[in-house]
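J.: Chains W, C, R and A with the ligands: place on chain D using the hints.
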Amino acid sequence: MTLPETAGIALLTLRVALTATLIAGVPALALGYALARFRFPGKPLVQTVVALPMVLPPVAIGLALLECLSRRSPFGRACEALFGQTLLLTWWAAALASAVVAFPLITRAAEQAFAAVPLRLEHVARTLGCSGPGVFRRISLPLAARGLLYGTLFGFARALGEFGATSMVAGRIPGETETLALAIYGRIEMFREGEAWMLAGVSLLLALAPTAAAEIFLRRGER
Amino acid sequence: MTLPETAGIALLTLRVALTATLIAGVPALALGYALARFRFPGKPLVQTVVALPMVLPPVAIGLALLECLSRRSPFGRACEALFGQTLLLTWWAAALASAVVAFPLITRAAEQAFAAVPLRLEHVARTLGCSGPGVFRRISLPLAARGLLYGTLFGFARALGEFGATSMVAGRIPGETETLALAIYGRIEMFREGEAWMLAGVSLLLALAPTAAAEIFLRRGER
Amino acid sequence: SRPLPRAVRVGAASSLREALMPSATGFDARNIPVSVNMTFEASSTLSRQVEAGAEYDVVLCADAESLDRLGSRVVETTRRVFLTNRLALLGPQGTLALDGIPATTKVAIAGPEVPAGKAWRKYLEGSGRLAGLEARFVIADSVRAALALFESGAVDYTLVYATDAKAAKRAHAAWTPPDGPVTEYVAAVVAGRDSAEARTFVGWLGSAGFQEDARKRGFGIPPK
Amino acid sequence: MITFDLRAEYPGFRLEAAASWASPATALFGASGSGKTTILEALAGLRPEVNGRFEAGGIRLDEMEVHDREIGWVPQDASLFPHLTTRGNIEFAGRSNASEAAIDALELRPLLDRRATELSGGERQRVAVARALAAGPRLLLLDEPLAAVDRPMRARILPYLARIPAELGIPMLVVTHDPHEVHALASHVIVLDRGRVAAQGHPRDILASPAALGVLEALGAENLFEVKVLARAGGVLSLGTAKGSQLEMAAVAGFPEPSRVAVRAEDIMLMSSEPGLVSAQNVIPAEVAAIETLGEHMYVRLVAGEERWVAKVTARAVEKLELVAGKRAWMLVKAHAIHAFDAAGA
Amino acid sequence: MITFDLRAEYPGFRLEAAASWASPATALFGASGSGKTTILEALAGLRPEVNGRFEAGGIRLDEMEVHDREIGWVPQDASLFPHLTTRGNIEFAGRSNASEAAIDALELRPLLDRRATELSGGERQRVAVARALAAGPRLLLLDEPLAAVDRPMRARILPYLARIPAELGIPMLVVTHDPHEVHALASHVIVLDRGRVAAQGHPRDILASPAALGVLEALGAENLFEVKVLARAGGVLSLGTAKGSQLEMAAVAGFPEPSRVAVRAEDIMLMSSEPGLVSAQNVIPAEVAAIETLGEHMYVRLVAGEERWVAKVTARAVEKLELVAGKRAWMLVKAHAIHAFDAAGA
Ligand SMILES: Nc1ncnc2c1ncn2[C@@H]1O[C@H](COP(=O)(O)OP(=O)(O)OP(=O)(O)O)[C@@H](O)[C@H]1O
Ligand SMILES: Nc1ncnc2c1ncn2[C@@H]1O[C@H](COP(=O)(O)OP(=O)(O)OP(=O)(O)O)[C@@H](O)[C@H]1O
Ligand SMILES: [Mg+2]
Ligand SMILES: [Mg+2]
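Protein chains in written order, with this note's numbering: chain D, 1 to 223; chain W, 1001 to 1223; chain C, 2001 to 2224; chain R, 3001 to 3346; chain A, 4001 to 4346.
Okay, chain D solo, but in the shape it has when bound (with noise of 0.2 Å):
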């Protein structure tokens, strides 16, 4: 493998986990708010379709999330009529799969973070003037911060990995939607277990490094 063919792969995942990340984490943010704060009715019902990508295996994922794209669905058209031609096959998919597959990791994150902060402190900024949208963004969220941002980041690392189903919605084309995870699952597959390793490496240091910079960013914040 060349330097050049390795660092395109990463690249790709990179862009394909972050945008991932993105679309998985402003709805998985907003809903473990909800979740940690609220009482609703449907509560036990979220919370059931928030898990099911945890319990499904990625090909059922994969499928459904097919069955969602295909131009036998009305989503699957709107995205089409959207973007001028289906998602199915591009790195778009790719990012939607790991989405999904993420944002429960990030949900759950973001429900703890938020579990844990005072309710006394929201109540207190409350008495000051605050309403609902001022407390979360001026209270709750910094003060949940470094547990929402590890969620994000531990929900990164997941998309990072994603294979199951991305595999079936962006096919493998390399340069287009070959990520690293399926880029090392057809290394393996062709006995190049040595360049499956040396991609595997680059995925966890793609995993690590942003983790890293954001714990030395916190200890800053800190002092």
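There could be a bad hint or two in this list.
Claimed, not checked - Stretch-level coverage of chain R by chain A, calculated; a stretch enters the list once three of its residues show a Cβ under 8 Å from a Cβ in chain A: (1) 3007-3015; (2) 3023-3032; (3) 3105-3117; (4) 3121-3128; (5) 3275-3288; (6) 3305-3315; (7) 3326-3338.
These are calculated hints, taken from the structure and not from any lab test.
Idealized CB from N, CA, C, for every residue including glycine.
T.: This is chains W, C, R and A with the ligands only, laid out in the frame that chain D set:
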């Protein structure tokens, strides 16, 4: 699919996932505590190794496990000597694979849960004559209980859904190693989606029943 | 050679699923002279597992190479080709041929590590078409995954096995290259797991009853 | 006019308290566990399980969203925002003149850049008070705001707090165990007893009821007078009471001129004849009105001019001086025993 | 003998404090932010960033594991275990006679089954004290243990705390802002000022130094005497001081017989001639030794018999009575102005 057949698969899956949760849970809780509470040399290295199963595609994990359990490795030979046969293609191998995959999830949740326990309370306990293990058992553990329980259940859910590594080391032998995730995969391959979704429902049920039970249990404890 | 009759543990290539486990309830045990426990994996995984010491009694691979890699880990004398398969191109209904694939459409194919993928590539290369098609390949990690892409409409053409053509639910046409290679499914007893039951099973694979049944599902029968 | 009527049931504790007052400065007084914090938290909107109503200035605050109530709540545990500095906490609701004034009055300027987690107990409490003030609330709820603050600093801060209702027009409800603070800050007291309002009113009126003597003892000052400063000389202030008597008190540096003073019954000495030269600045002729016994001590109620006084003496002294109702007696009160409290006018 | 010598550097605060005492009951006194909590937490082992040594009874506690130090630490914020009940907290270190005694003395019996999170501020503090006591520590570190407890209850609990060093043989170090508590609990005071020990010693000795008057004012009681009870009659106790003088004080129900009493300089009235019949139980002839001015007030030092006294009067009174060193004067002290403190013997 007959009911007994489904029940058989569900029971096997339950056995595998519970064993996996146990195998992964104990060291994950200990490691989570260590990561939350101590600084030690090689901590970043440990964190890297913990993250590994998150980032790698399951085939890679399967491959590594296969290598570990094979006769070529001392660990594999030790296991063979101990159990009288190789663990490969047994439900133990499936449990092991699921454990490896669930491990980072439980570790992370445990770390977050333990970090949320006020150091101050642990310290008060220490002034009251409790040594390290006592403080852990009487303060850290009960105060982190909710987070730990959820983390463990989360790991359990992940173990239920494990597919890639499992099928590599355990095969997919009906009645012996065919867990729900593997069965769902098989049904999908055979274009029997109806059965696959039915099994997915069973899987979800298995994942959520203990979560619901835990919720009720914790609510009671709080009164 | 064993005191108690026990289930023969068989590791089979994924594409044999239709031949070996055709019914919803699984295996039709009445026809098999021994009790069997069956698992389906990619051929490469099977050979890897056997290499690692996994205790299969019999392995059934979709290519000879996977067995070749195992060398003395299989009992050479038990090796036999028991079914064959043909390559197939699936596409939209109507007349269909490799050269008729529109120049810009994507084509789903299993990875080169999968016997079907390998066989297709070899054939395309031999007939000088690989270069033209390769850039448009969508690589799936199994023949089934390639088929799923075709079914979902993500691709309109896929390169699979003839047996898969029967399983696809999407309305389609199938074309088998007349000059295409014949894929051979090879069975062998795993070294150290040799037993009368294992040999009986391998023998059964060559029985007319089984082979006729498989033929109905699109497999070919090797010349005796 | 502020009114609340609250009800809640906890295992082992029932709250059933209603009160209503017009005084801009009110104290909530009661034993530990009598429900003071529960009431304040309910008024701040923190306790949904407490039912009832809460009105201030004709507005039903309990029906408003918490963030619209404009309540400056200082929780008993300060509850500072741990991710912010002292300044960040104080200016949480925005920068204002009020924040600068509060920072100075509460002596927080040297601590502005310190993180909230790095403050001492007393520093935390002061920051919480400044934070509540800086938001410019319509009502202040202070839950033992100075419990962790040392005596000299408390003496400096109290006058500032006492001026708030009058100068900034913010009414306040203060929980405190410290009788000195009650007198310094409040012109209305609500006495809580096991979740119920046992008494409420002007400290002076509460004082008049003999049944309230136990509470009064806890309050620590049984004689209260509205006063005007007549003159100031040599560290002594001459005060005129509403009914025309004159009192001399020791001036306290930095303290503004008092409008109310308190004298503890314990601090009054009685003589049966006119004393000669005595260091006490106040020698007040009076007539014994009644004598009440509480445990081993005696409360002698006296009338001087039109003012009512109560002195606490030993039974032996009553005997020795042959005190009976109608007898003439001279009260000796040191200038230092007259405590000035610049409470907002009732 | 207990010794500490601690050093730490925080942004904006430097701790550099050493002290050493043999008294079983010692108070740590100082303004808010002077470093009291920092010292206690360092002694309890919570602050690894604080360097130095800490010895008790010849044992280097700072070199021991925290769980072997056997220190009963009552943190300023109580820090109860939130997952346990009151009883669970108190019996955390095991059931003992000490826990039952503490439960009764701190009036916690009605709260035993309540969760720690459901307690009021004062209740929490009392539970924290009981928890520390129940562990049977070798040393008690109390950080403002009664700050949130109301006055009457404090008056009931203080004598119990005061007896601990003598009866249970547990020395204690108490942080408090309340001069009453200092006198009630301590026979040794360490005065902290901005992280340094400004003074330490027996309250009486600290008192003798004119430089410490500011501190003393904050302490609130300038005249301290060791006493023996001679007689009790009609709510009055007759006390004999070590030097042979006699004082009469009001008996306090439930309070044990005092071994030390304090009189605030403010509470002493002076007359230049022998008074006639007066309610004050103590009329003490004395001689003016010196007159000191502090701000607008004057401290008159007197000698009566062999005892030294200090009285706080206004400048005007000094003038009126023509007080000068050597002049004869009568001190009037009410029986109620003599405060009993059953401190452990020094
Ligand atoms: N959530 C709760 N569940 C059960 N009991 C409670 C709860 N909150 C408070 N209590 C009880 O109600 C009573 C009143 O508590 P509150 O905190 O209002 O007292 P307080 O007057 O503020 O006392 P303090 O002066 O000690 O702070 C206490 O006995 C307390 O134990
Ligand atoms: N971790 C820290 N980082 C920086 N400054 C600190 C830290 N801990 C304490 N301080 C500062 O050290 C000083 C002493 O704090 P400490 O808590 O010991 O005061 P204290 O005497 O107990 O006061 P109080 O009576 O208000 O409780 C304070 O000014 C505080 O702000
Ligand atoms: Mg309270
Ligand atoms: Mg402190």
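J.: Compare the structure with each hint and give your call.
T.: Hint by hint, here is what the structure shows:
no., hint, in the structure
1, 3007-3015, "holds (count 3)"
2, 3023-3032, "holds (count 3)"
3, 3105-3117, "holds (count 3)"
4, 3121-3128, "holds (count 4)"
5, 3275-3288, "holds (count 7)"
6, 3305-3315, "holds (count 5)"
7, 3326-3338, "holds (count 5)"
The structure fails none of the hints (numbered hints given earlier).
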